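Novice: Below are the chains, spelled out letter by letter.
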Amino acid sequence: GAGVSQSPRYKVAKRGQDVALRCDPISGHVSLFWYQQALGQGPEFLTYFQNEAQLDKSGLPSDRFFAERPEGSVSTLKIQRTQQEDSAVYLCASSFRPSGGRWVYNEQFFGPGTRLTVL
Amino acid sequence: SQQGEEDPQALSIQEGENATMNCSYKTSINNLQWYRQNSGRGLVHLILIRSNEREKHSGRLRVTLDTSKKSSSLLITASRAADTASYFCATPNTGNQFYFGTGTSLTVIP
Chain Y
222 GAGVSQSPRY KVAKRGQDVA LRCDPISGHV SLFWYQQALG QGPEFLTYFQ NEAQLDKSGL
282 PSDRFFAERP EGSVSTLKIQ RTQQEDSAVY LCASSFRPSG GRWVYNEQFF GPGTRLTVL
Chain C
2 SQQGEEDPQA LSIQEGENAT MNCSYKTSIN NLQWYRQNSG RGLVHLILIR SNEREKHSGR
62 LRVTLDTSKK SSSLLITASR AADTASYFCA TPNTGNQFYF GTGTSLTVIP
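From first to last, the protein sequence lines stand for chains Y and C. If you count by our numbering, then the first sequence holds residues 222 to 340, one letter each, in order. If you count by our numbering, then the second sequence holds residues 2 to 111, one letter each, in order.
Chain C extracted, bound-state conformation (with noise of 0.2 Å):
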């Protein structure tokens, strides 16, 4: 099953726009990672944000974590054509398990 819930299911928006989406989890985490999916390829390691953190910079990239809402969103800022893909937040138990959500699946329009 899936512990993470990504919103919205899916997102158009014109270059240039930024883009906000956002991930809801279960349980309590040590981290929170962000991955990208082009269509028919393997998943991207984008950002990783620690339980102790609430927000983190990378290039256009802001991911927050407010772990008392048990939620982050990723905000892609002058969003490009190439940022079309689906967008996975990510969390790890205690465990060796690693859990994603249901993704975001975001089309930049050109």
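If we strip away everything but chain Y, and leave its shape as in the complex, we get (with noise of 0.2 Å):
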């Protein structure tokens, strides 16, 4: 079956440049997560949805950082006048919330990632 899918799997961009990562999570998946994983680091939170509404975004660096999931299934991360410290790994994970569950007792599924280098 479909894991979770992003696009695109490698970015450069200048700095001061736009950019937008997109994330596919499983069809179903409810829950939806955005991570930031500089090299040799693990993963650190930036945003979490549940179906279209973001629910927190405590973990985005500054406001270029921009997250949006508007139909509640594909989701798109966009950084705005990108600087070289935004260079890093974004990963999107979703999560499978049962009815009257919690998703914390659930795992998550990981994309395999989006590259980022900002020259």
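Hint data in this document are derived by calculation from the structure and do not stem from the laboratory. Here the structure is a predicted model, which is why all the values come from computation and not from measurement. Each residue gets a CB set at the ideal place from its N, CA and C atoms; glycine is no exception.
Just so you have them, the derived chain C footprint on chain Y, three or more residues with Cβ under 8 Å:
1. 263-270
2. 274-283
3. 327-339
Pairs of lysine-lysine residues, derived as DSS-like cross-links and limited to a Cα-Cα distance of at most 30 Å, are as follows:
4. 299/Y to 278/Y
5. 71/C to 57/C
6. 235/Y to 299/Y
7. 278/Y to 235/Y
8. 71/C to 278/Y
9. 278/Y to 27/C
Taking the hints as your guide, dock the two standalone chains into a single complex.
Specialist: Below you can see the structure in the form of structure tokens.
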């Protein structure tokens, strides 16, 4: 079956450019997460969606980062005016949340990530 | 910021040996999860242990949890070259955030 897909897999941007990273979660998964992973580090939480609602964006490092999931499926992470410190792998994960259950008991399914390099 | 810290940062063993890695965390949890990440790939869920459990097994994996010490360990028995990867522990907070540790890089030498 199809897993979580992300595109593009690699993106090179010049400093100051805007970029858009796409995530296609597993069909039927309610929860969607974005993470930023620097080289040699673990993933760092950026934001969380439940269906189309962005319930937590406390991990977004600045107002240059914006995420949306307008129809509750595909999500886009947009970074405006990219800086060199934005260079990282951006991971998307989705999770199924059963009725009455708490998502924190569910495993997350990760996409392969988008490696962003800002020159 | 990362909540979990894995130890050791890197581990190199011979195929067939056992690999043990540890995770420490800071706040109260209701569960702890371990993930594996192969180079250049996304993370794959390995096992989840709830706060009221002390030990859990899945195939060649054995996870322990000591909530009094805020620590967990992952044991991989009879390691294989294919186990070469980075291993992360992850804990959810009371909200929606999910914290990952810094990871242990495991190399299994054939």
